[in-house]
Amino acid sequence: MSDLLVPRRRFLRMAVAGVGAGASAGLLTGCDALSRRESFLDVLSAAEPLNRTAQRFLSGDRLVREYPASMISPSFRPNGSINPKTPEYLALKAGGFAGYQLRLRGLVERPMEFTLDALRALSARTQITRHDCVEGWSAIGQWTGVPLAHLLSLSGIQPAAKYAVFHCFDDLSNNGGRYYESVDLRDALHPQTIAAYALNGSPLPVANGAPLRMRIERKLGYKQPKYVHTVELVDSYARMAGGQGGYWEDQGYDWYGGI
Amino acid sequence: MIQWRTVLRHRWPLRLMHWINLACMLAMVGSGLQILNAHPALYWGEASNFAAPLASAKAVQRGGELRGITQVGGTSFDTTGVVGATNNSSGVRVRAVAPSWAMIPGSRNLAAGRAWHFFFAWTWVINGVVYLLWSLGSRHLQRDLAMQRHDWRAIPKSILDHLRFRHPVGEEAMRYNPLQKLAYLGVIFGLTPVIVLTGLSMSPQMDGVMGGFIELVGGRQSARTLHFVAMSAFLLFAAVHILMVFYAGPINEMRSMFSGRFRIRTDPGSHNRESGNE
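Residue numbers (my numbering), protein chains in the order written: chain A, 1 to 259; chain B, 1001 to 1278.
Calculated from the structure, these hints are not laboratory results. Even for Gly, the Cβ is constructed at its ideal location relative to N, Cα and C. Incorrect hints may have been included.
[Claimed, not checked] Distance ranges between label pairs, derived from CB positions: (1) 113/A x 1187/B: 51 to 61 Å; (2) 1065/B x 150/A: 49 to 59 Å; (3) 88/A x 1094/B: 31 to 41 Å; (4) 1215/B x 105/A: 36 to 46 Å; (5) 150/A x 1087/B: 48 to 58 Å; (6) 1073/B x 78/A: 46 to 56 Å; (7) 42/A x 1170/B: 47 to 57 Å.
[Claimed, not checked] From the structure, some residues in chain A lie toward chain B, with a derived Cβ separation under 10 Å: (8) 27; (9) 28; (10) 55.
Pulled out of the complex, with its shape left as it was, chain A reads as follows (with noise of 0.2 Å):
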């Protein structure tokens, strides 16, 4: 009996062995097959909220950490759009950016418009954060600019606003179409939450996003637009561009974008 055990669990060990490898190699090519499917990833997606509704229960509305000037990186690594080649974005930078207006626009009380030197003149904050950028990689640098809340606050903010959209110059993928972002009234009124024109001191170098860019310190580098334009509360973005409320959005990254 125990002749015929032998081979027979010779046997079965090299089925178990087989049937690991046939099902591994089919279980990897099953990922990217569930990857292609619209349905798959929106399952995986249910994780969003959780996450999203997880670390704000748990973080509350607390600040994240400012830092030592000491600890501002050599050099602030810009990423996505470094250099925009828009018609208006090209013909503003040509006049030093003298012409540059941010609006404020949308579901406002008033809408309203701020030259740089108007954005200056207002009570500015500054503060030294750190940047993780999507990709995993972190910079720190040391921002001036207004809280959007404040800026919010004189336009007045209308009772069915939940949005705020960030209408951009840069167009990343150069097809016509053009960068935009957008966070809920929550984020877009957290005090670390400003309208920045200021880099470690000096005006916003046009790889860093010139003439202000925002800083919206509790999300990843694709959720804190450069090059910004207008601020547009809204109640909704679906019926914007591709409808998932921001340039990475539209192709298949998450709208939290807080982890």
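Mind docking chain B on chain A? Use the hints.
Chain B in isolation, oriented as in the chain A frame:
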């Protein structure tokens, strides 16, 4: 004469949670590598010192072909085919931190990799919480996993047994040996909290609450590096775990994890001890 007895080795909730755990971990390792692939470099500190990563993977053109170079500290290795530059599913050499079979999805797709990672992270955490509650409620933790006084004393013998590849086949096979207990406890109460907390430390939203922990481990980029190190430790655990399954009898062990049934050898005269083995 040798007698065999079939017993219930693992109860069904444990078996179910074990396989859910495996599926989640496979998905998270694969999608984690996909995420790492977006910026295949590890740093120490709060921010990235791009000039001097602790470790990185690069693809460089050398002799008319793409070679994968892995740098760790001051040393570089040619790791073409495994890290840095690998062949994709169509056999084309591409820049990638891992072979396409090890990543989910197999080709570059950060958005989908993140979706996989977070979905299975939640599934894994929920599974882990249920496991903990079940283990406490069923006394699995206290009875089977907790180190008893005799376990501590048996460590030297257990080390010798492992070194000699000797494994128990009788009643003793019904219990976890002390090294096994320590490995399981270390994974559950050591590695798991580390990988969850270092994962959460990477979230800018969580920075306000995680700040103390982040500073303790040396910064956000340190947390990211430790997340990778903890993943590697999980892989090491899994490798040893599978090795042990093979040494202890893969058929018997695998069956006990699927159907719960496990065959043990009973000494002559002890067959009338029909104790409940649950």
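task: Identify every previously stated hint that the structure contradicts and give their numbers, smallest first.
output: Number 6 only.
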